[in-house]
Structure formats: structure tokens, C-alpha cells
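There are 2 protein chains.
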Amino acid sequence: MTIARTVCLGFLALILIGTILLILPFATNDGSWNNPMVALFTSTSAVCVTGLAVVDTGTYFSFWGQLTILFLIQLGGFGYMMTTTFLMLLLGRKFDLKQKFAIKESFDRPFLQGSNSLVVSIVATTLFFEITGIFLLLKVFAQEYGLSRGLWLSIFHSISAWNNAGFSLFSDSLVAYKSSWLVNLVIPGLVIFGGIGYQVIIEFYLWLRKNISRQKRVFCFSLNFKVVISTTILLLIVGTFAFFLTEFNNPATLRNLSLQDKFLTAWFQSMTTRTAGFNSIDIGKMTTAGLFITMGFMFIGASPSGTGGGIKTTTFRILLNCTKSALQGKDDVVLYQREVPSTLILKAIAVVFGTAASIVVVTILISLVEPNLVFIQIFFEVISAFATVGLSTGITASLHSTAQLILICAMYIGRVSILLLIAAFIGNVKPTSLHYPEENLLVG
Amino acid sequence: MTIARTVCLGFLALILIGTILLILPFATNDGSWNNPMVALFTSTSAVCVTGLAVVDTGTYFSFWGQLTILFLIQLGGFGYMMTTTFLMLLLGRKFDLKQKFAIKESFDRPFLQGSNSLVVSIVATTLFFEITGIFLLLKVFAQEYGLSRGLWLSIFHSISAWNNAGFSLFSDSLVAYKSSWLVNLVIPGLVIFGGIGYQVIIEFYLWLRKNISRQKRVFCFSLNFKVVISTTILLLIVGTFAFFLTEFNNPATLRNLSLQDKFLTAWFQSMTTRTAGFNSIDIGKMTTAGLFITMGFMFIGASPSGTGGGIKTTTFRILLNCTKSALQGKDDVVLYQREVPSTLILKAIAVVFGTAASIVVVTILISLVEPNLVFIQIFFEVISAFATVGLSTGITASLHSTAQLILICAMYIGRVSILLLIAAFIGNVKPTSLHYPEENLLVG
Ligand SMILES: [K+]
Ligand SMILES: [K+]
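Here the protein sequences line up with chains H and S, keeping their order. Under UniProt numbering, the first residue of the first sequence carries the number 1, and numbering increases by one thereafter. Under UniProt numbering, the first residue of the second sequence carries the number 1, and numbering increases by one thereafter.
If you are wondering where the hints come from, they were derived from the structure by calculation, not from laboratory data. Treat the hints with caution; some may be incorrect.
Said to hold, decoys possible - Below, a list of computed lysine to any residue pairs in the SDA-like style, where the Cα atoms sit at most 25 Å apart:
| # | chain 1 | residue 1 | chain 2 | residue 2 |
| --- | --- | --- | --- | --- |
| 1 | H | K285 | H | I155 |
| 2 | S | K330 | H | L335 |
| 3 | H | K178 | H | S148 |
| 4 | H | K262 | H | K324 |
| 5 | S | K330 | H | V334 |
| 6 | S | K226 | H | A357 |
| 7 | S | K285 | H | S148 |
| 8 | H | K178 | H | I134 |
| 9 | H | K324 | S | K226 |
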């Protein structure tokens, strides 16, 4: 438990330091002492890379306040990516020792040579993507706002996108850029690579390097890579069509756009919902069907060892294949010629059951505190907080402070509970009598 | 697949026969030909023992129409109870042949001597409970409505309660009897015994008989019995307190009642939500929190081999213990000193995943058909239809006919999908290398 416990306390410490910094007068635009509740909410939202906001980040906070928020996002996102990857490495080793059949597995992971180089490698990956993002976004923002303001906007949105934080300096998020091809490619690019996880990126990089240098060595993608890539692509496509179809006739969102912009906006929404939290349409004006679909995608979320939240694509895929197996009357679950170990199935159940139960309890609590609010808005807000998405129908700022405190807890639990679960899983995993080669896969 | 397929077609045939009968002029109170849509909806709702209604059963239908509905309820409820029990028997035999360690199991089930006596035994059990219910309810209804009307009311409500159908001849269901101790004990008694399943009842009966005749033979309750009884009691208690607390201050439901009536009404609501569908408070006026809790309990539902719906108490319990195991870092799931086989875990996942996915899809479809309806009402209605509960916030009758058709499909799928799943499961179950005695348990 020690690693995860350390990380949980680390997140908590970071939130408290952030809160204190954001209370100080230098952080606000008008130079006054900040409301402690606003500071706590913003700091939690930044550290947990959620993106829910009770004030308008772009106008309420000074440059220094915004910089503080950006640091909190960067540390929170990096910390999460680092920890989940490190825990997965530990998990892999544990399995390697126990499984005689899984020689294949260690072969699948040439990138996990040791934890020493892990920090350096993750920092390098992060910087590579963020700096690329800044340069590309500068083209759009410098043109519109001049070089210095444009640079700041590019830095902020690039870091926010890579960390799936969803914080924006524009009060309407990215609604103004719904027709910009560059913004609709760069932001999703950062969000998707950030959310797809370090392991997948590094595997893709190794594969690229092998092909370019024409090495003779056999290269196999890991199960994690195959599951994450196929599930992510599937969800992105399904999401784009779902939003296109449900919002097609809604005058407040897609109806008055050209066909191309309709697709671009639906694509952006499909990408941002799991779990970036930017928006290029007004979430509060979406149709009921569109909102409900959004909730489903928020719940699923991004992929393990990335910066995003939710139950994760791998968990979703395992449960989908469990259902398929049960319908076919089989008693094993196979993913790409690998049997899914029963421990992973239990963990997938725990992630979903735990998240769903937490969402239900918190929704009930906020409904009791705010009896006059519409149910769908509360439910949406709670799922958004737990899955660290940050989309909102617009009720966050007007919530009673008790409800805001509950949301703060929800954001924190939504971020760290998975860590505790993985740690519990690593701590006591026992050797089992295997009858088929199994391969390891991170869920949650 | 043949058994389940036969049953699915049987249900469909029964619905069609019921629809034709309810279209005929003899069925309606005013003697005119009935609207086919109303007839189809009512017939489906009766055969699937759901209880959702687009018209007021007590005033819209003639005595003969009501009698037809009662027959449909009785055949639908009996057919479901019979089929699930029979399939579980088959499942038990399959496991007996395959599991050398599970000698205990066949010993646990002295009541499954053969399928010949099964029909007789289920009919006898049904008649025993329904007739007892009729006599007890007669005390209340005869006093108020005279003997002949009172007898009809008693027969109708007793059969409706035993089958967890939720149809009532009173337009406000049982709101008028919220303070009546007799109604608040007899109806819940019928509902709970009907929903707890034939297997549990017969085991309880055998245990009683053994204790009365003082046999020396060892008697062990089955895993199914222990899980169903403990989970049902737990859910009933949690539900009573949840409704008591969330509705305590709601002037439209509990606030103006005495403390005793508050508890009585909360208890009734806790019992009826999984999955009887009667109500003694106005569902449409419940708080948001109360409605959301109701949805959760509706989703869980009753127990296998009974007349109720939902994902079933056993499924819920298995997933709860999977979560517990994962949190403890264990790789097996144990319930009362029995390991839960991995096939059952897969099936539990399939039941929940399938039900949840169906609910999401149907909710989206109805949201698209009825864009102006409030989300919580649609969501509530759809869960109620899938779990064959029949509670409604009051929108059923005013729904567009397309939405009503979708609900009809939802009621039917909600009832028969579990059968198909069990059948698929029985059809292909393969021997596995066991390392621990496992015991069989029905989910869904
Ligand atoms: K986010
Ligand atoms: K019902």
C-alpha cells in the first residue's frame, strides 16, 4: 500500500499548497485575497486535472494565478501518469515471476528496462508533445492575439490539453474555434495522446524506430497496446456519429453549422468527452439524448497510464468481452489470443462497481443539498467530477458551498481511488494454477 | 437454446392472444372496440408482469377485461417462475456431472427430485400463497366494498402481488391503504415470497417440515438460499431507511404522516420497488434523491426463480463480493465458504452489462422521440420497464405511440433476455479444472 498511499497523500499536499497559493492576493486579477472555497475548488480541480470551475479562469485569476493553476495541472497530470505507469511496471514484474508461460509478456515490453529511466522518459515524452502543441497552436493564437498573449494562450491550452485538464482561458472554452481545422486537430491530438497512456506511446515509438532503422528483430505489440488502440478508435468513431445524429437538429448546437463544421464539432465533442473536458458547443444547451450519451462516454473515460480518468477503455473492453463470453457459453475471456486472468476481471468489476456506487451516493447527497436543481444537471456534474472530465451544464458556480465541498471530494476520490485499488491488487496477488497462458493488462 | 427459445415465443404468443382478447368490445367498460395500442401495451405489461399502464385498469376495462388481464398476469408470472426454476435445475445437473468435488451440492438440493413433480409443486405453492392472500385481504376490502366487490378486489390484488405484477384496480394504486397494517403486511408478504423464488420457499418449507417432524437427517441450506435471504433482508432494511430519510421532509409524501405511518410507507416503498410496482405514495411527487434511490433498487430487483425482475439479488451480491475480493487483493470470490465459479462471474457481468446497455439505448431513443420530457422521468420509466417494476412518475399514458412501442419492446426484452442468457450458458458449459470446491448459484 505504501506507494499508492504516498501518492494519495502527495496529491492531497499538492491540493493544499495550491489552495494556499491561490488564496494569496497575487493570484487574483483584482489583487484581493481570494475566497478560500474558490481557491480550494480550483486547486483540487487543477491537481486532479478535472477542469470544473466555479469562476472564469481567464478573467478571475491574474497571470500568476493562471501560472499556479498550470503548474498544479502539470504536476497533477505528470504525477498520475508516472504513478500508474510505475504501478503497472510493478504489476508486470509480479506476473513475470509467477507465470512460467508468460515469457512472451516480458518480451512484449522492451520499454520497461528499469524504473530509473522511466521518469526521464515520461518527462521527455511530455515535453515533446507539449512543445509541439505550443508551436502549432501559436499559429492560431498569435495571429489573433499578438505574440506574447498568443504564446501564453498556446502554452496554457497545450499543457491543459496534454494533461486532459480541460481548463481554458476563454470563458466559453473553445466554442469560438469550432470551425478551425488546426485547433480541431492539435487539441484532440494532445488530448488523445495524453489519454492513450505512456505505455502505448512508447511502444508506438519503438515500433516506428524499428521500422525506420530496419531492424531484423521481431516486434510484437503488447495486449495493452492492441486493446487501447482498437477501443479508443472504436469509441471515437461511435461518439462522433452519436453526437452528429443526436445534435443534428438542435439549433443551439449543430443545426446552423455547415455539414463540415457539424462533423468537426461532433468529432471534437466525441474526443473531449473522454476525459479532456473542453467544449466547442454549449453543453447546457445539448439535447437530453446528447447529454446522456456524453455521460456514458465520460464514465468510460481514457486509457490507463495516461493523464485521463474514467473507468478506462481497458476495463470497458474486458467487461464487453466477458459479456460476449457469457453469451457464447464460454468460461474464459479471450482478447487477441490472450486469456484475461480472473484477477483482472475482478478488478474490472471493482472499478466499475466502486465508481458507479460512488456516483450514486454523491448524486443522492447533492440532490438532497440542492432539491430544486434538475436531476440531469446534478447527475452530469457528478459523473464529470468522478471521471475527471470537467464538462458541466453550467451549475458549478451557483451550487451551494456544501454541494461544492462534496464535488471537491468527488474529484479527489475519482482521481486516487484507482491507485489504491491497483496497490491493493499488487500487494497480495497470489500464485494461481494456470492452465492457459495469460497476459497482464491494466484496468482502471 | 430450444427451451428458452420456446419460452420466448410462448411469451410472445401469450402477448398476442392477450392483445386480441383486450381489443374485443367485451373487454372495455364502455363496450366499444379497444384501441389496439392500448390492448398491446396492457397485454405486454400483464404477461411480463410489469404493471406499467396507459389507461386506468379499474375504470377503463370491464370485469371481463380485468379477468383477462389477471389471467395474463398469472400465466406470465407462473411461466417465468417455472422456466427459471427448470433451467436452474438443468444447470445444477450439468454442474453435478462435471464437478467431482461438489457432492455437497446435490445433497443441498433434496427438493429437486425430478421435473415431473416440479409443475405440481409450483402450482401448489402459488395457490397456497394466493389463496392465503385473498382471505387476508378480504378482511379489509369486504368491509369497505361489500362481499362480492371485496372478493374481486382481494383476488385481483393477491394474484397481482404474488406475481409482482403491480396492477391495481385503484387508480392511485394502494395510496389509500398507506396506514393499514394488514395491507402493509399481506401485500409485501405476497410480493416478497413471490420475488424470493420457488427454490428458497421450498427449502424453507423442507427445513420447517424437518424441524417439526424432528428428523435426525442433517439439513444444510443451499448457497442460493443463504445469499437470497441475506441480500433481500439487507436491501429491505437499507431501502426502508433510505426512503424514510430522503422523503422525511417532503410534504407531498411522508412529511404530514405520523412517525408510524412514515415508517410503514417507507417500508412499503422499499419492498415494492424491487420489483412489485405498487405504490402507497405519489411517485411523481417524490424528491429527486428518492427517485434516484428508487431507480437503483428497481435495477437490482428480486431473486432468481421467482416472479420478479431486475438483475437479481444474487447478481448484485456476486458483484459486491467480486469488488470486495479485488480490494483485498484476492483472486477468488467466496460466498459462505463456497468459491463462486468464474462462469457465474462472467454471467453476472453479462446480465448487468446487457441490462445497463439496453437501458441506455432505450433511454436515448425515447429522449429523441420525446425531446421535451424531463430526463429523470424518461430514465425512471425505462428502468421500470426493463426491471418489470411498473412504477412511473406518471408519463406512461401521455407518451407518443412510438415511445410506447419502444417501452413495449423494453418490457418484453427485460423479461426474456435473462432466459436466453441462461440457456446459452447451459448449452455450452465446459468442464474446467477445479482447484477448490465450487458451488452453483443462479444469477439473473
Ligand atoms: K478533464
Ligand atoms: K411489476
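query: Is it true that the CA of H:K178 sits at most 25 Å from the CA of H:S148?
result: The hint holds at about 23 Å.
- prompt: Straight-line Cα separation of S:K330 and H:V334 no greater than 25 Å?
  reply: holds (21 Å)
* **Straight-line alpha-carbon gap S:K330 to H:L335, limit 25 Å** => Distance of about 22 Å is within 25 Å: holds.
Q | Restraint check for S:K285 with H:S148, where alpha carbons must lie at most 25 Å apart | A | Between S:K285 and H:S148 the Cα gap is close to 56 Å, so the pair fails against 25 Å, i.e. violated.
Margin query: Does H:K324 sit within 25 Å of H:K262, going by the straight-line distance between their CA atoms?
Written below: violated (34 Å)
| request: Please work out if S:K226 and H:A357 have their alpha carbons no farther apart than 25 Å. | output: The given pair, whose Cα atoms are some 24 Å apart, holds under the 25 Å limit.
Please verify whether H:K178 and H:I134 have alpha carbons no more than 25 Å apart. OK: H:K178 and H:I134 at ~19 Å, within 25 Å.
Can you confirm whether the C-alpha distance between H:K285 and H:I155 stays at or below 25 Å? violated (29 Å)
Discussion item. Check the hint pairing H:K324 with S:K226 against an upper bound of 25 Å on the C-alpha distance.
Written reply: violated (29 Å)
Checked against the numbered hints above, the structure violates hints 1, 4, 7 and 9; every other hint is satisfied.
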